[in-house]
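2 protein chains.
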Amino acid sequence: MSFGSMIEKIVAKSNPTVVGLDPTLEMIPRFILDSSLEKHGKGLEAAAEAVLSFNKALIDALYDIVPAVKPQCAYYEMLGWPGVKALKETIDYAKSKDLFVIIDGKRNDIGTTMQAYANAHLGYSDIFGESISAFGGDALTVNGYLGTDGIKPLLTICDEEDKGIFVLCKTSNKSSGELQDKLIDGQSVYSHMGDLCRQWGEDTSSNYGYSAVGAVVGATYPEQLEELRRQLPNTYFLVPGYGAQGGKAQGIAAAFDSNGLGAIVNSSRAIMCAYKNKGFDEKDFALAAREEALRMRDELLAYIAKPQLK
Amino acid sequence: MSFGSMIEKIVAKSNPTVVGLDPTLEMIPRFILDSSLEKHGKGLEAAAEAVLSFNKALIDALYDIVPAVKPQCAYYEMLGWPGVKALKETIDYAKSKDLFVIIDGKRNDIGTTMQAYANAHLGYSDIFGESISAFGGDALTVNGYLGTDGIKPLLTICDEEDKGIFVLCKTSNKSSGELQDKLIDGQSVYSHMGDLCRQWGEDTSSNYGYSAVGAVVGATYPEQLEELRRQLPNTYFLVPGYGAQGGKAQGIAAAFDSNGLGAIVNSSRAIMCAYKNKGFDEKDFALAAREEALRMRDELLAYIAKPQLK
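In the order they appear, the protein sequences are chains A and B.
Counting in my numbering, the first sequence runs from 1 upward without gaps.
Counting in my numbering, the second sequence runs from 1 upward without gaps.
Honestly, the hints are just simulated from the structure, not real lab data.
Mixed in with the good hints there might be a few duds.
Since copy identity is lost for identical chains, a pair holds within one copy or between any two.
[Unchecked claim] Cross-link-like lysine-lysine pairs, in silico, BS3-like; alpha carbons within 30 Å at most: (1) K248 with K152; (2) K152 with K276; (3) K283 with K174; (4) K310 with K97; (5) K39 with K174.
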């Protein structure tokens, strides 16, 4: 099934974007923090509940206009197990609103350990004979440095269910070139990783022309985006680095195919903190987030074809 | 401070090994599972408590003879937030027994996100003005595919406290060469990553000759171990792949310096499941684990110098 349901949601909402849910306490309006502190006192539980309330309100304000959310594990792990519980509850809530959930964990390991990550984030664990979904994401970001042994355990789940992975290829950050731009027999490391993504994807069924193995390609490197799009016609791209990191809509357009598909563009802070950036009252943080999400959608759609199924 | 306390524990116990705590329910003796089921019924809480009981009993049997433990995050995440709570409690228990704790998470990201991982696993998070340690590990495994932006956020914590990181260089699995063995201007990707480890380590203070930035180098590739040891005289190696994956003590010896330092060798399943492999009654699982840990220590010490401070 691969990325089928993600693509269908992108088309239905005519919006190829994903909202990153990367919450820190500094981002959360005071009234939410106060309410959580009153209930739990200080500590990780209070922080985790504030994060969950913030996320739910954002999801309520966005679910009818965006196809997907992308919680970033690091911000939940920072709050210990109560934070990880809030991650699970955020995922459950997003899925109850029919959003596609990309868990941004950049996980990587081999063999039975990678199988454990696959079960944890996308699949099911056999717990005393019961099949339990620990996190229940629809897609997971992964790091391919360990090669096929680190990817194969994910492919069965991707192929049997409506799941996908995004493998880091060319990341959006300044130092990404230290390894990724280096040349192996004249081919960059990121392009070599792209070839591996294509090969891994060939072991999955494709949906609307795309395999279950996507690639992470940063908006901050439009030339490489264009190059990788040509190289990998069946690979869906997750594109971070739009906005805050400097990626422009015009440059990102190269990541899309002629049907307005092929890429999903992430924005995190610009949406979560829109109320701060745009001078809204903090009570209106969700409204501000919605306004920024619509602005981003319209900006992208000015440069790409309206998403449609082939 | 870097790896100072780890090195001191290795010397004090004359044992350069680390016990991987990678528990699955299949590994846990029936009487522990039954006791947990009786208390919690089925579900993730029961599974997580069984894992914690198993880990604690293993730690009790091992803490006076081994310097360190290495819980692998995937197996805890597979049990959802109750599993992640068991991870934290395992770490707390190991530290109460004065063990050095390497969190095997292979985390990777950039900027504030990587800072969140650093705070979560090695440092502290500011939660409503309180400084809280979410997991409290002493070292973390990381993946350097994103370059310096993904490592720098960790270095302040490593340098100010007694913490370290191990960056994946040449991993123990069969497919590690798909990227890692490729040549960049005649130098392998793993050796290039080794150079980056050395550079990153130069930004940290060294302790007993070793920086805070270690490297993961698999026991299954003894030639590369030897090559990297020559290339990186100030980089501590975490060596997986001993035993079950085929790494031999003789080959691993090349990872050590003439003082019996420079490497810490991991064993997970061979120790955790020793009671199954060696025909012990399941009640004696901890005794069997201790016997295997001693056997492994003695096997390694036959090939390397007795660990001592320079």
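Status of the hints after comparison with the structure:
1. In this assembly of identical chains, K248 and K152 lie within 30 Å of each other by CA distance solely across copies; the values are 26 Å between and 34 Å within a copy.
2. Taking the closest pair of Cα atoms, K152 and K276 come within 30 Å of each other only across two copies (28 Å); inside a single copy the shortest separation is 43 Å, beyond that limit.
3. Taking CA atoms no more than 30 Å apart as the test, K283 paired with K174 passes in neither setting, with 35 Å inside one copy and 54 Å between copies.
4. Proximity of K310 to K97 under the C-alpha cut-off of 30 Å is restricted to the intra-copy arrangement: shortest distance 26 Å within a copy versus 61 Å between copies.
5. Taking the shortest Cα distances, K39 and K174 never come within 30 Å of each other, neither inside one copy (42 Å) nor across copies (52 Å).
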